[in-house]
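Those protein sequence lines, which keep their order, are chains A and B.
Under numbering that gives the first Met the number 0, the residue at position 79 of the first sequence is numbered 78, and the numbers go up by one with no gaps.
Under numbering that gives the first Met the number 0, the residue at position 282 of the second sequence is numbered 281, and the numbers go up by one with no gaps.
Just so you know, these hints were derived from the structure itself, not from any lab.
Among the hints, erroneous ones may be present.
As the list claims (entries may be wrong) - Label pairs and their in silico Cβ distance ranges:
(1) A:N50 x B:L163: 25 to 31 Å
(2) B:E175 x A:L25: 54 to 60 Å
(3) B:E175 x A:T140: 44 to 50 Å
(4) A:E136 x B:L133: 41 to 47 Å
(5) B:R30 x A:G169: 33 to 39 Å
Note that CB positions come from ideal geometry on N, CA and C, so glycine has one too.
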Amino acid sequence: MIRALRIISANPLSLAGLILVTAIVLAAIFAPWLAPFPTHNSAVVDFAYANNAPDARNWMGTDLVGRDIFSRILYAYRISLGLGIVVLIIATPIGTIVGLLAGYLGGWIEAVLMRLVDVFLSIPPLVLAIAVLGVLEPTLTNAMIAVTVMWWPWYARLVYSIARSEREEGYVLAAEVIGASTAHIALREILPNCLPAIITKMTLDMGFVIIIASSLSFLGLGVQPPTPDLGSMVAEGARYLPDSWWMTVFPGLAILLAVFGFNLLGDGLRDVLGADQ
Amino acid sequence: MSSVFRILLRRLAISVIVLIGVSMLIFAIARVIPGDPARIALGPNANADQIAALRTEMHLDEPIVVQYGFFVADVLRGNLGQSLYTNRPVTVDIAEFLPATLELVIFAGILMVGLGLPLGILAARHRGRWPDHLVRVGTLLTVSAPSFVWAVILMLLFAFYLPLFPVAGRLDDSYEIARVTGFLTVDTLLAGNFAAFTDALHHLVLPSIALALSGIGQAARLTRANMIETYDKPYIEMAQAFGFYPSRIARRYAFKPSLIPSLTIIGLDFAAMLGNAFLVEAVFAWPGLSRYGVAVILRKDLNAIMGTVLVIALTFLVVNILVDLLIAFLNPRIRHSTRTAS
Numbered sequence: 000m001i002r003a004l005r006i007i008s009a010n011p012l013s014l015a016g017l018i019l020v021t022a023i024v025l026a027a028i029f030a031p032w033l034a035p036f037p038t039h040n041s042a043v044v045d046f047a048y049a050n051n052a053p054d055a056r057n058w059m060g061t062d063l064v065g066r067d068i069f070s071r072i073l074y075a076y077r078i079s080l081g082l083g084i085v086v087l088i089i090a091t092p093i094g095t096i097v098g099l100l101a102g103y104l105g106g107w108i109e110a111v112l113m114r115l116v117d118v119f120l121s122i123p124p125l126v127l128a129i130a131v132l133g134v135l136e137p138t139l140t141n142a143m144i145a146v147t148v149m150w151w152p153w154y155a156r157l158v159y160s161i162a163r164s165e166r167e168e169g170y171v172l173a174a175e176v177i178g179a180s181t182a183h184i185a186l187r188e189i190l191p192n193c194l195p196a197i198i199t200k201m202t203l204d205m206g207f208v209i210i211i212a213s214s215l216s217f218l219g220l221g222v223q224p225p226t227p228d229l230g231s232m233v234a235e236g237a238r239y240l241p242d243s244w245w246m247t248v249f250p251g252l253a254i255l256l257a258v259f260g261f262n263l264l265g266d267g268l269r270d271v272l273g274a275d276q
Numbered sequence: 000m001s002s003v004f005r006i007l008l009r010r011l012a013i014s015v016i017v018l019i020g021v022s023m024l025i026f027a028i029a030r031v032i033p034g035d036p037a038r039i040a041l042g043p044n045a046n047a048d049q050i051a052a053l054r055t056e057m058h059l060d061e062p063i064v065v066q067y068g069f070f071v072a073d074v075l076r077g078n079l080g081q082s083l084y085t086n087r088p089v090t091v092d093i094a095e096f097l098p099a100t101l102e103l104v105i106f107a108g109i110l111m112v113g114l115g116l117p118l119g120i121l122a123a124r125h126r127g128r129w130p131d132h133l134v135r136v137g138t139l140l141t142v143s144a145p146s147f148v149w150a151v152i153l154m155l156l157f158a159f160y161l162p163l164f165p166v167a168g169r170l171d172d173s174y175e176i177a178r179v180t181g182f183l184t185v186d187t188l189l190a191g192n193f194a195a196f197t198d199a200l201h202h203l204v205l206p207s208i209a210l211a212l213s214g215i216g217q218a219a220r221l222t223r224a225n226m227i228e229t230y231d232k233p234y235i236e237m238a239q240a241f242g243f244y245p246s247r248i249a250r251r252y253a254f255k256p257s258l259i260p261s262l263t264i265i266g267l268d269f270a271a272m273l274g275n276a277f278l279v280e281a282v283f284a285w286p287g288l289s290r291y292g293v294a295v296i297l298r299k300d301l302n303a304i305m306g307t308v309l310v311i312a313l314t315f316l317v318v319n320i321l322v323d324l325l326i327a328f329l330n331p332r333i334r335h336s337t338r339t340a341s
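Please work from the sequences and hints to get the whole structure.
This is how it looks when you write it as structure tokens:
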């Protein structure tokens with residue numbers, strides 16, 4: 000762990016990623032204390048300050064009803080990160096198990112599972128999530144379900160490709176010879192070799208889940224107002240371009256910053272863990 | 000060529016299986032919808048008899064397997080049902096809106112390949128030096144924001160602050176172009192109206208860049224990674240020992256073998272653009288499938304949702320088959336082999 004930190008810190012870009020991600024996570028956790036206007040995450044109005052450009056009071060300006068955009072961005076990070084964590088915690092084990100089963104067992108199980116994965120992968124990810132949300136009500140929970148539905152196949156494919164090549168390795172054969180159970184071989188022998196790739200992908204995917212989730216709420220299919228979400232803030236502000244540029248530009252940059260941080264960190268982790276997926 | 004043909008057959012067979020799966024998935028999604036589809040279709044004022052009649056007509060009282068059978072039979076006959084939102088057959092709606100989306104996605108795809116690959120080559124040739132660092136950070140930035148953020152930023156910079164490009168739409172209202180293919184760049188040329196053609200291109204610039212940016216980043220990063228791997232091969236060292244120009248080594252010996260793994264991912268990125276087009280179209284008021292898709296979703300218009308997803312999945316499959324064929328054609332090991340190639 001300390002060694003990993005040292006390697007990451009050695010590369011300025013990865014270090015920048017680590018700092019960015021840490022800062023954003025802390026900002027999200029401590030949003031109620033850090034936000035200059037902690038009540039502005041709800042449907043409050045303050046028309047005296049409505050539609051103000053950035054100044055000393057509101058660093059990133061205010062929206063149409065006078066809510067502080069900086070405060071709302073901090074709260075929106077809570078939603079984005081929370082959604083990302085939940086999606087990955089559910090999608091990763093599902094995909095990993097499917098991939099392990101298909102890759103290690105082979106035969107008809109492999110054929111059936113991987114064709115199933117192909118089916119999910121042959122609908123563009125955003126369209127699949129939109130379709131799922133189309134039949135469910137657009138809420139935060141359903142957005143999580145929709146993103147999870149489109150996310151697990153990617154882990155299945157990643158783990159499958161590793162498991163299939165590990166299947167032929169000597170240590171797996173040795174374990175089979177001494178009579179280890181299938182579950183033991185899959186979980187205790189093959190899985191540890193998939194972990195570096197899985198962890199790297201999860202770090203990079205935190206960024207991509209944020210992108211997808213904000214895209215859904217941008218289309219009005221995710222988190223519903225008055226809960227602040229980066230995507231819906233951009234959508235709301237886009238109607239008032241170019242005059243009230245701060246309503247779209249700052250939430251947009253907030254997405255960029257978070258995803259950029261996770262991408263830099265993920266790239267650094269890839270070097271540390273030696274996963275080249 | 001026979002092996003390329005064999006790959007085509009194999010791919011088509013797999014695609015049929017995948018399409019059956021997609022149709023089941025779409026059918027399943029449509030059936031988990033809360034509430035009675037017949038009641039939703041008729042609206043809140045319908046009485047019980049009308050609902051019962053429509054349930055029979057929609058085969059909703061049959062077993063689920065039979066319902067799926069009817070669904071597939073309809074789809075195969077090219078009948079995607081009636082849209083509740085527009086009161087027209089879904090196929091008519093899609094035929095109207097799909098070309099605009101495809102035109103946008105195709106232009107973005109051209110940008111992705113035309114800019115992404117050269118940038119990747121540039122970075123790999125100068126790996127470890129400043130052009131490489133620049134490309135790496137730049138491409139990481141472009142993949143770090145959803146396309147709607149790029150759309151907003153580009154619009155602000157190049158349509159409002161520097162009014163170089165139009166803010167919205169596909170064509171200036173002053174042009175009257177007869178609809179033939181639905182692709183404005185084609186239709187304007189067919190009409191012989193060159194001014195309108197330029198205008199259509201002009202409207203395409205910002206939306207297609209916004210849509211392509213993350214794809215350009217992906218393509219460049221991938222090409223760079225694959226080429227750097229190729230640069231370690233002994234035959235590159237030999238070419239260098241022969242004193243070939245670095246540009247020739249890059250183009251002929253390092254780039255070509257690196258292109259093949261990149262193409263598969265580029266195919267997937269193209270698919271992602273079909274989804275992301277929804278976001279870009281919303282910002283630039285592009286009259287494509289997006290506004291229709293979002294509108295029918297908010298109205299729980301089942302037939303239209305299923306039809307839209309089905310058409311997009313089909314487009315995606317076709318693109319992927321084309322990419323596989325292209326790979327087979329580019330790869331001499333497959334092109335010249337007479338035995339089955341994988």
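Within 44 to 50 Å: is that where the Cβ-Cβ distance between E175 of chain B and T140 of chain A falls?
Holds: the Cβ-Cβ distance is about 49 Å, inside 44 to 50 Å.
Do R30 of chain B and G169 of chain A keep their Cβ atoms within the hinted range of 33 to 39 Å?
violated (48 Å)
Taking the Cβ atom of E175 of chain B and the Cβ atom of L25 of chain A, is their distance within the range 54 to 60 Å?
Once the Cβ atoms are compared, 58 Å apart, the range 54 to 60 Å for L25 of chain A and E175 of chain B holds.
Could you say whether the range 25 to 31 Å given as a hint is met by the Cβ separation of N50 of chain A and L163 of chain B?
holds (27 Å)
41 to 47 Å was suggested as the range; check whether the CB atoms of E136 of chain A and L133 of chain B agree with it.
holds (46 Å)
Violation of the numbered hints given earlier is confined to hint 5; every other hint is satisfied by the structure.
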